[in-house]
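Visitor: Sequence:
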Amino acid sequence: MRNLSYAKMIRLDSGLWRPSVDIYESCDEIIVYCDLAGITKNSLELLVEEHQLHISGRRQLARPETIVCIHQLELEHGSFARTVALPVMIDVEKVTSSYLDGVLIVSLRKKKAGSQITVRIQVGG
2 MRNLSYAKMI
12 RLDSGLWRPS
22 VDIYESCDEI
32 IVYCDLAGIT
42 KNSLELLVEE
52 HQLHISGRRQ
62 LARPETIVCI
72 HQLELEHGSF
82 ARTVALPVMI
92 DVEKVTSSYL
102 DGVLIVSLRK
112 KKAGSQITVR
122 IQVGG
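Residue numbers (my numbering): 2 to 126.
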């Protein structure tokens with residue numbers, strides 16, 4: 002095996018790889034782009050919390066059965082996970098996502114300042 006990119010092959014302690022992300026902010030939302038080439042939409046899982054976005058899944062790459070030698074190995078495969086810290090609080094009820102040409106786009110609506118819930122206390126029994 003020659004010309005292997007060892008830096009790309011190093012995995013996190015958990016054994017998972019981390020996809021690249023870009024994070025943008027507009028007046029009313031946070032937009033996260035995640036590079037997930039070669040991953041099927043059905044293998045993706047998103048979990049949104051007020052200050053975090055968790056992206057996970059698995060990429061399976063078909064490999065020829067008749068491999069004699071590997072000359073270069075850079076593509077990540079197997080399970081991945083990425084947790085993104087969000088710069089503002091998010092309204093978890095107003096999140097949308099799309100997946101096109103290997104790029105996941107998650108739009109997260111900002112929580113309006115001063116939004117609150119009034120809880121009425123029942124007296125007696």
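It is possible that part of the hints are untrue.
Simulated DEER-style distance windows between Cβ atoms [unchecked claim]:
id, residue 1, residue 2, range
1, E46, R110, 49 to 55 Å
2, K112, A63, 24 to 30 Å
3, V93, P65, 39 to 45 Å
4, K42, C70, 29 to 35 Å
5, G103, E51, 41 to 47 Å
6, K95, L74, 38 to 44 Å
Since the hints were made in silico from the structure, they are not lab data. Using N, Cα and C, we set each Cβ at its ideal position, and we do this for glycine too.
Visitor: Taking the hints in turn, state whether each one holds.
Guide: So, going through the hints one by one against the coordinates:
Taking the beta carbon of each, E46 and R110 are about 20 Å apart, not inside 49 to 55 Å as hinted. Roughly 43 Å separates the CB atoms of K112 and A63, a value that falls outside the hinted 24 to 30 Å. Checking the proposed 39 to 45 Å range against V93 and P65 shows it holds: the Cβ atoms sit about 44 Å from each other. Taken as a hint, the range 29 to 35 Å holds for the pair K42 and C70, whose Cβ atoms sit roughly 34 Å apart.
Checking the proposed 41 to 47 Å range against G103 and E51 shows it is violated: the Cβ atoms sit about 28 Å from each other. Here the CB-CB span from K95 to L74 is close to 41 Å, well matched to the stated 38 to 44 Å.
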